[in-house]
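K.L.:
Residues per chain, in single letters:
There are 10 protein chains.
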Amino acid sequence: MLFHVEMEVRLPVDMPASQADALKQAERELAQALQRSGQWRHLWRIAGRYANVSVFDVESIDELHRLLTSLPLFPFMKIGVTPLCRHPSSIHDDDR
Amino acid sequence: MLFHVEMEVRLPVDMPASQADALKQAERELAQALQRSGQWRHLWRIAGRYANVSVFDVESIDELHRLLTSLPLFPFMKIGVTPLCRHPSSIHDDDR
Amino acid sequence: MLFHVEMEVRLPVDMPASQADALKQAERELAQALQRSGQWRHLWRIAGRYANVSVFDVESIDELHRLLTSLPLFPFMKIGVTPLCRHPSSIHDDDR
Amino acid sequence: MLFHVEMEVRLPVDMPASQADALKQAERELAQALQRSGQWRHLWRIAGRYANVSVFDVESIDELHRLLTSLPLFPFMKIGVTPLCRHPSSIHDDDR
Amino acid sequence: MLFHVEMEVRLPVDMPASQADALKQAERELAQALQRSGQWRHLWRIAGRYANVSVFDVESIDELHRLLTSLPLFPFMKIGVTPLCRHPSSIHDDDR
Amino acid sequence: MLFHVEMEVRLPVDMPASQADALKQAERELAQALQRSGQWRHLWRIAGRYANVSVFDVESIDELHRLLTSLPLFPFMKIGVTPLCRHPSSIHDDDR
Amino acid sequence: MLFHVEMEVRLPVDMPASQADALKQAERELAQALQRSGQWRHLWRIAGRYANVSVFDVESIDELHRLLTSLPLFPFMKIGVTPLCRHPSSIHDDDR
Amino acid sequence: MLFHVEMEVRLPVDMPASQADALKQAERELAQALQRSGQWRHLWRIAGRYANVSVFDVESIDELHRLLTSLPLFPFMKIGVTPLCRHPSSIHDDDR
Amino acid sequence: MLFHVEMEVRLPVDMPASQADALKQAERELAQALQRSGQWRHLWRIAGRYANVSVFDVESIDELHRLLTSLPLFPFMKIGVTPLCRHPSSIHDDDR
Amino acid sequence: MLFHVEMEVRLPVDMPASQADALKQAERELAQALQRSGQWRHLWRIAGRYANVSVFDVESIDELHRLLTSLPLFPFMKIGVTPLCRHPSSIHDDDR
Chain W
1 MLFHVEMEVR LPVDMPASQA DALKQAEREL AQALQRSGQW RHLWRIAGRY
51 ANVSVFDVES IDELHRLLTS LPLFPFMKIG VTPLCRHPSS IHDDDR
Chain U
97 MLFHVEMEVR LPVDMPASQA DALKQAEREL AQALQRSGQW RHLWRIAGRY
147 ANVSVFDVES IDELHRLLTS LPLFPFMKIG VTPLCRHPSS IHDDDR
Chain C
193 MLFHVEMEVR LPVDMPASQA DALKQAEREL AQALQRSGQW RHLWRIAGRY
243 ANVSVFDVES IDELHRLLTS LPLFPFMKIG VTPLCRHPSS IHDDDR
Chain S
289 MLFHVEMEVR LPVDMPASQA DALKQAEREL AQALQRSGQW RHLWRIAGRY
339 ANVSVFDVES IDELHRLLTS LPLFPFMKIG VTPLCRHPSS IHDDDR
Chain B
385 MLFHVEMEVR LPVDMPASQA DALKQAEREL AQALQRSGQW RHLWRIAGRY
435 ANVSVFDVES IDELHRLLTS LPLFPFMKIG VTPLCRHPSS IHDDDR
Chain P
481 MLFHVEMEVR LPVDMPASQA DALKQAEREL AQALQRSGQW RHLWRIAGRY
531 ANVSVFDVES IDELHRLLTS LPLFPFMKIG VTPLCRHPSS IHDDDR
Chain V
577 MLFHVEMEVR LPVDMPASQA DALKQAEREL AQALQRSGQW RHLWRIAGRY
627 ANVSVFDVES IDELHRLLTS LPLFPFMKIG VTPLCRHPSS IHDDDR
Chain F
673 MLFHVEMEVR LPVDMPASQA DALKQAEREL AQALQRSGQW RHLWRIAGRY
723 ANVSVFDVES IDELHRLLTS LPLFPFMKIG VTPLCRHPSS IHDDDR
Chain A
769 MLFHVEMEVR LPVDMPASQA DALKQAEREL AQALQRSGQW RHLWRIAGRY
819 ANVSVFDVES IDELHRLLTS LPLFPFMKIG VTPLCRHPSS IHDDDR
Chain Y
865 MLFHVEMEVR LPVDMPASQA DALKQAEREL AQALQRSGQW RHLWRIAGRY
915 ANVSVFDVES IDELHRLLTS LPLFPFMKIG VTPLCRHPSS IHDDDR
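Chains as they are written, first to last, in the numbering used here: chain W, 1 to 96; chain U, 97 to 192; chain C, 193 to 288; chain S, 289 to 384; chain B, 385 to 480; chain P, 481 to 576; chain V, 577 to 672; chain F, 673 to 768; chain A, 769 to 864; chain Y, 865 to 960.
Heads up, simulated DSS-like pairs for lysine-lysine below, C-alpha to C-alpha not over 30 angstroms straight-line:
{"id": "1", "chain 1": "S", "residue 1": "Lys366", "chain 2": "S", "residue 2": "Lys312"}
{"id": "2", "chain 1": "B", "residue 1": "Lys462", "chain 2": "A", "residue 2": "Lys846"}
{"id": "3", "chain 1": "P", "residue 1": "Lys558", "chain 2": "F", "residue 2": "Lys750"}
{"id": "4", "chain 1": "W", "residue 1": "Lys78", "chain 2": "W", "residue 2": "Lys24"}
Anything over 12 angstroms on all C-beta distances counts as not near chain A; from chain Y, calculated:
{"id": "5", "residue": "Val877"}
{"id": "6", "residue": "Met879"}
{"id": "7", "residue": "Ala881"}
{"id": "8", "residue": "Glu923"}
{"id": "9", "residue": "Thr933"}
{"id": "10", "residue": "Phe938"}
{"id": "11", "residue": "Pro939"}
{"id": "12", "residue": "Met941"}
{"id": "13", "residue": "Ile943"}
So the derived label-pair ranges between C-beta atoms look like this:
{"id": "14", "chain 1": "Y", "residue 1": "Arg930", "chain 2": "W", "residue 2": "Arg66", "range": "29 to 35 angstroms"}
{"id": "15", "chain 1": "A", "residue 1": "Ala794", "chain 2": "Y", "residue 2": "Val877", "range": "49 to 55 angstroms"}
{"id": "16", "chain 1": "F", "residue 1": "Pro747", "chain 2": "B", "residue 2": "Pro459", "range": "47 to 53 angstroms"}
{"id": "17", "chain 1": "C", "residue 1": "Gln211", "chain 2": "P", "residue 2": "Pro568", "range": "31 to 37 angstroms"}
If you are wondering where the hints come from, they were derived from the structure by calculation, not from laboratory data. Using N, Cα and C, we set each Cβ at its ideal position, and we do this for glycine too.
Construct all of the structure, not just a fragment, from the sequences and the given hints.
P.N.:
Okay, structure coming up:
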């Protein structure tokens, strides 16, 4: 099932660059693994902000929560979750 | 290029059912045509609300505006538009 | 799976009392049927407001959406949906 | 009587892990004791956030206030309290 | 126990004066009866607005809800309820 | 004349306990002196929050401002002030 | 004593012009009388809006409330009231 | 021309008292000089808050910006600016 | 001098098309005349909304207010005004 | 294509002046280069705030994002982006 997730990252301005880089690299690796597994179905950058719009495809709400809280940047993110369902006018078979 | 669009519909409570049905039918036909053309790339219903989350794929901002204002339900919708760009961690080649 | 739902009802002040009563009676019957089926797991009134806090237990987001949009008062409600998951400190086995 | 309580935790990003762990462990023990006593009637995690939705069942508002302010994480929480009462359509005898 | 209640009245601008007057007169009579019974403990007008700040003293949340929803102006009011408890610095014995 | 005042306290999480205790003790002593003088007419704790709802009875707006800014916790408080006047339905002679 | 008052007028779009004109003329006459009496000390139009910023100079909060609620446009206004006091850096003797 | 300006000051809680005093003294001197020159036409304290409501009378928007950004407390203030014009019901010749 | 103005139009859904068309035609003619005179310096449509972002170049705040309130759609618009000044990094000589 | 961008800068109050000056100087140089290239089409200061209103003219949303995130002050800015299109009443040929 699908969830719309908006994430905004706010790193402390005094975080050392090396720590920030390590966090971002770990975040990228996990994000790409979750995209390959199909759980992180869509991932877009919001223009002009350190934020993204995502769609997750998971088996349960618990799975969604585990994925989001496992993100290395989770402690620095503000997250909003919106449950989605198939739109009656959708023509895409796999939009659940 | 991609735009995230959230639409919420508010029909007047005293609109005759026949008028509402005709509007919704016309809306559905146009929504499906725009999905087939690839301009209305994603369309999901937000659970529990008469609202949707969409992603449009258009050549210009003017094209986006023409599409949205041509929707039969446009006069009854509150619309929010957010420009999207490719996320550096995206693995999907066609996410622009 | 569980969803926290807050509903606020706003009937038009000029709705005839007979129409309002019929809507409320139909709403009550459906609400009680959904409680008996276990889908509408909790239902409380918010003190001082024509509003409720509810917890739904459904198989899918689509099922939640169908239930909410089938409510007779749906056209007159403002609804907010929040996905819930089991809290790591919960001692209740059936809290999912 | 029942109160709906939403709690959001915001630990300082520079809190040492050992201090955070100790706080969370103490919080969990008290939360479980209060669930066993029946005062913390429901406890769910909000998906994607370090936050919970709870229902407390207490004898008085003072008791509620004492419980909430005794939580080890209280200094780091934003809390909203909403008084609940029995819904006229509820079929559950113990929903007060 | 005590609840802080803020009420704002919004009568439709096209309500006949006779209907508004009858509502206000019935509201006043009930408000004064509830003050005499001690349930409506404080009642102040907010300067410049058709609104009041009140403190209710009731045995239960259900009693509070019954009182508020029995007010003749209830269908035209926006109401906010905040539970109060004794302040540790209060010197007034009857502030609960 | 009467003013409704809501105060919310936010102490820095790293303030030493001894400093916090001294501030709170000084605050309590002044709050009790102002209650005895009749200027701080009502004082209630808002359940679940480090906040209060108060009613002040002062001769002038300047007097109100001097009292509030003399509170030891003033630099750590967010304060909202609402002027009150006698409600036409009030039965209490001393509600101004 | 001084109160900062912001008023925004929202006339129904279907109010007959003659009724609107009569209301505005009555409002103007009262506003000018209250300026001459010194009670409506300042009155400015907010650019681009049917709204004003005002400063009232009254003997009591009750007097302020009576003046505001006696305005012919009061039923169509949203009003915000802020109590003012003399600023310690003010050089104007009559700013209270 | 006239601008309504609301300023709220937020000094860091750990600023040394001597630095705060020096800033406030410099602010007062400039505020009084600008009142004497007629550019800072009105200055009131908002009761209960470290904030003021002001009216500036300047030749241009650039002049207003230069004045506000030259204030010693500017880096610690949140400022809102609203352009004012003469109200058609004003009887004061010099209200522009 | 320059003012940033955002206008959002909300026509009643039951306004006859002929009346709406006449209003829009009159609005267009005035908007174009004000652009030719240089007073309405910029005018853009906000994508997906019946709203615009504009920059006005006027001699005084009164002139701005007269222009905005003379617009045929003014009674149906929500307007926000922000005063602008030359940016120190601007390279455009005529940006005031 | 055109995007309306509002940027608000919030430098930490304890940033050394030399670091702030270096950031501002680098920001100015890039801002002027982007104005000369035509990508940063308009740039105005918002009166009384450390903020600007800008219009960017770019080939793609990605280009906009790259420009904004390359600004030296980007880590200290809150940014809002609104897509613009040609207004049907515009008389300016180059407003896209």
